[in-house]
Amino acid sequence: MIVKLKDVHKSYKSGEIEVKVLEGLNLEIEKGEFVALIGPSGSGKTTILNIIGALDKSDSGAVEVAGVGISQKSEKELTKFRADHLGYVFQDFNLIEVFNVFENVNFPLKVIHKRKDDEKVKDLLKDIGMSDQINKFPDQLSGGQKQRVAVARALVTEPKIVLADEPTANLDSVTSHKVIELMRKMQREFNTTFIFSTHDTHLIDEVDRVLYLQDGKIIKDERK
Amino acid sequence: MESFKIAFRNLVRMGRRTFLTASLIAIGVVFVMLYITYAESFKNSMIAQITDSVMGELQIHKKGYVSSLDSLPLDKNMGVKVVKKIENKLNSMPEVYSYSERLKFGGLISNFTDSTNIRLNGIDAVREGKTLPLLKERLKGHLPKSGEIVIPELISKGLHLKIGDAVVLVATNKNGSMNAKTLKISGIVGIISGPGGRDGYISLKDARKLLRIKKPEINEIVIKLKNPDLLKKVNKKFFEFIKENKKPKLEVHTWVKLSPFSKIVNMLDLMTFSIEIILISIVLVSILNVMIMSVYERIKQIGTMKAMGTPKSFIVSMFVDEGLLLGMFGFIIGVIVSVVFIYVIGDIHYSFGRQSDLLLVPVIDWKSAAGVGVMVVVIAVIASLYPAFKAASLKPIDALRS
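These protein sequences, in sequence, are chains C and P.
The letter at position 166 of the first sequence is residue 166 when you use my numbering, and the numbering goes up by one with no holes.
Going from the second sequence to my numbering is simple: count from 1 and add 224.
Don't take every hint at face value.
To be verified - Here are the computed lysine to aspartate or glutamate pairs in the EDC-like style, where the Cα-Cα straight-line distance is at most 20 Å:
1. C:K57 - P:D622
2. P:K619 - C:E103
3. P:K619 - C:E75
4. C:K80 - P:D622
5. P:K614 - C:E75
By construction, these hints were calculated from the structure, which means they are not laboratory data.
Start from the sequences, fold in the hints, and give me the full structure.
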């Protein structure tokens, strides 16, 4: 198992009120799976991704990702863990505005992993069909192009898991499909586990497994 | 390198804000640079006037002479033996450019109708001219040979005297016996603020004759150094030398101790320091403000970087580099504007005390400018540290939610 969540609880305080987001969640995901978390707002999709992604901590329960129990790790250890094992794709793309396409994709490799492998970056950009745009800056790209760059950036360090929070929320339906197709292609090529959240039920045909969430619980686990 | 790249490009991206902040820093730098340049030039020109036309950089006397200088005592003269010893020491020191021996005394000068008090220096004209090269600039006529006198401008005006006129000089020696001598005016010396700035000059030979001193005694040795910056070092050497000389006891003074202008120098230095404090405040506040804004604007970027596992140190350096570059831009712009200003303003004519039409030639002190640069950069880095650490300490989840 690449992801193992056991009896995970998570709640947030909204003023005086405590909002329970996850209540005793159990989840196991195998290596190389392409998983979609589907559910309405507030169902806990982002919270699950944040907990798996070591960005947030559960209140209780056990969280094991890539064979590492991350619940008790310090912030410094979690930073290294994220760098070594995880890749992220964000809803708003979150590219570094002052870096061009090549530099954005190269950033995790060069800055975080201190590796210089320009060929790898170029190959990846070729894979995602962006090799002719490498000198463009984010503000010169369309939404779909930005998200493709974000996917390449998430994959450049060859992480075990890529987490994507609503990666198609800001894209039209055609572009959404293209981005999911790209993620799928990359997942097959690198055998990376992809876990992403979405509202879009049209995308469920393209995944291996769909987890339907409601009120912090998995109400349906559909494998294809 | 990457952090520098991000910092630089962010500054370029926020061009207007960068320009405004850099301009604010530049204005501060311009003020400091102009002040330092003109104050230092004024200071140096005044110091040069004092040291190169009146008192040299160092003076040696018999102990107790300087404290009773107002009465110009003749019982504190240095005899042949000790003078020879001092001369040997001076001749052996490579730092010493020249020295002049003086016999200072007070007397009465008369134009045969009126008379007034005068302070006089018995000198060797050649050595005095070499030791005090700017004395010539204050002098109309020439330094006195035997039978001649140079009188201060004030006395020439008061007694209606001009070059070529004869005057009678009356002086009392250390035994209380009076003597008089008729001398011809060979020059009139312009006055200068500070001790010795209103003195007249006669030859050493005439001074000894007038005071009925048979042996070649003197009471002051004025020293000019090859490099005034060596003053402290040479003073220390002389201090050691006079300590060794038990009899008679001697004293050595730098011009700083002898001239009241050193107080003005201290005041100018204090003002420079105050202006630098203002510059520090400008840099600190403007960079702190901009960097805090920069952090707030880029919270999501910080969150993204942290989520990807970017080390804290990279995020700190990214913001510190930005502050550093901003400080450097401001400093460079400030220096360029200052140089242009100084070039446009050019030389300034001014008066100081009773001296008029003095020329202030502004010379940029690049050493001080470099000091200002280092100060701006250091303060810029310090001002960036708080926002940088604040950014680096953000939790990725909170930053991404913003």
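Status of the hints after comparison with the structure:
no.	hint	in the structure
1	C:K57 - P:D622	holds, 12 Å
2	P:K619 - C:E103	violated, 24 Å
3	P:K619 - C:E75	holds, 9 Å
4	C:K80 - P:D622	holds, 18 Å
5	P:K614 - C:E75	holds, 15 Å
The structure shown violates just one earlier hint, number 2.
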